[in-house]
Amino acid sequence: MKNESPAIHSPASLRSNLRLKLPLGMATRRSSGMTWSTRDLVSGGFKTGLYRFLAENIPAIHSCIWTWAHLASAPGRFKVLAANPSAEDRANDRLKSLGDTIMASPGGRRIGLAGMIPELFTVLFRDGMYGGFVVLSPDGSRVDQFLPVDPADIRLESSSGQPGLFLETAGSEINLQRPEFFHLAYNADVDRPFGRSILQAVPFVAYIEQQLIDDMRRSSHNSGFHRLHVKITPPERMSGESDTAYTGRANSYFDATVDMIKSCEIDDNPVTWDNVAIEYIGPDKSRDVTNSWFMSHRAMIEEICAATNLAPYLLGYSYGATTTWSGFKFDVVMRQVRSVQAQAAQLLEWLGNLDLALAEIDARCEFHFDNTFAYQVKDDVAIQSSRIDNILKLFQAGLIDETAARQKAWEIL
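Position 361 of the sequence shown, counted from 1, bears residue number 360 in numbering that gives the first Met the number 0, the numbering being contiguous throughout.
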C-alpha cells in the first residue's frame, strides 16, 4: 500500500504563526450560577447555562449526556502514515508522548487522551461546541498541551458581514480567528453554524416532567399513609338532661374514642360502641393509581430520550425489549457515535500532524477509535470467514488470479 506524505512546513514558520503564549486575561468572566444578563439573552448564551443546569439536576438528562459521552469515548490510537520505517518509528514515539501529555488537569497533572476525550464529548453534546488553544513548549519544538476554553464565554458576532467567534475574558475580548485555535461544532447548520446542544429540544418536556414528579410527590404523600375517619352518632338525650350536660357527654364520648385510637398499639384492636364507625380513607385501588403515575412518567422519559436521540433501554429503562431489537437499536446508535467521533478525530489529527511537523518528521497521522465489543467478536469472525470463502471460490473459478486473491484477503484481515 502506498502512503503519501504531506509537504512539511518549516518549523520556524509554524512557530511564528502559532503564538507560544496565550493572551493575558484568560480568566473566565462567568460564575457557576445561573446568572443571566441582557447580553446573554441577546447572544443566546443563557441557553448554555440552562442546559448545564438541566444536565446537573435532572437524572434522565444527566444520564443521556453521560451515556452519549461515554459511548463516544472509545479507546483510540494514532496511526502513522510514513514513507519509510525510520520516520514511522520516530512518529510513533512522538505521538505516544503527545497522547500522554496532551492535556493537564486543573491541578496541573497531565492526564493525556484518557482524560481529554470524555471531557471533549461531554462538552460537545451538552454545549454544542468544543474548542481550545494549542500551546507550544517554550522553545517551540513540540506541542506542549491543548488548553480548552469554556463555550459559555464564546459569543458569535457578524458585524463585519462574516460570522466570527470571540472569547470574552475578565478584561477583554479575544478574536478567535487565530491559527492556534481549533473548535468542533455539533449539529451545525445554516442558522447555527457553530453548533447546537443535543438538549435543545429538551427544556419544555423536562419542565413538564418535573411538574409531574412534584405532583406525584404530593399525591403520594397523601395516599401513601393510611388515615382513619371516625364517625360518632350523637347519643340519645336522657330524660331531664340539660343542653350543656348533653353536649358535654357527647363530647366526652368523642374524646374517649380519639384517645383510645391514639394509644392503640400495632397489635391492639379498637373496641367501640355501635354508634361509632371507623373508616379508612385512601385510594380504593392503589395499584391503578400507581400504574397511572408510572405510565405518565414513562411518557415524559421517552420524550426526553427521543429529544436526545437515545432509546430508553440505553438509560436503564427496561420495557421488555427483545435481544434482537436491542442489538439493532444499539447498532444504530453506534453509527451515530462514529459520525461524532469523526469530528473529534479531526482535532486529534490536527494536533498530531502539527507536532510531527514541528519535529520535522516526514509523516502524517490519523486517529482511529476502536468501537469493537466482545459480544461482536463471534459475528465479526463469521463475517470474515464468509468473505474469505467467497475469495477462495472466485479464485477456484478462475475469476481472479492469486495476486488479487491475496490482496483481497489482506484487506479483510
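Think of the hints as simulated: they come from the structure by calculation, not from any bench. Since the structure is predicted, the reported quantities are computational estimates derived from the model, not experimental observations. Any given hint could be a false lead.
[Said to hold, decoys possible] In silico EDC-like cross-links for lysine to aspartate or glutamate, where the CA-CA straight-line distance does not exceed 16 Å:
#	residue 1	residue 2
1	Lys78	Asp254
2	Lys230	Asp214
3	Lys78	Asp361
4	Lys78	Glu365
Structure-based check of all given hints:
no., hint, result
1, Lys78 - Asp254, "violated, 86 Å"
2, Lys230 - Asp214, "violated, 30 Å"
3, Lys78 - Asp361, "holds, 14 Å"
4, Lys78 - Glu365, "holds, 5 Å"
Consistency note: the structure conflicts with the earlier hints numbered 1, 2.
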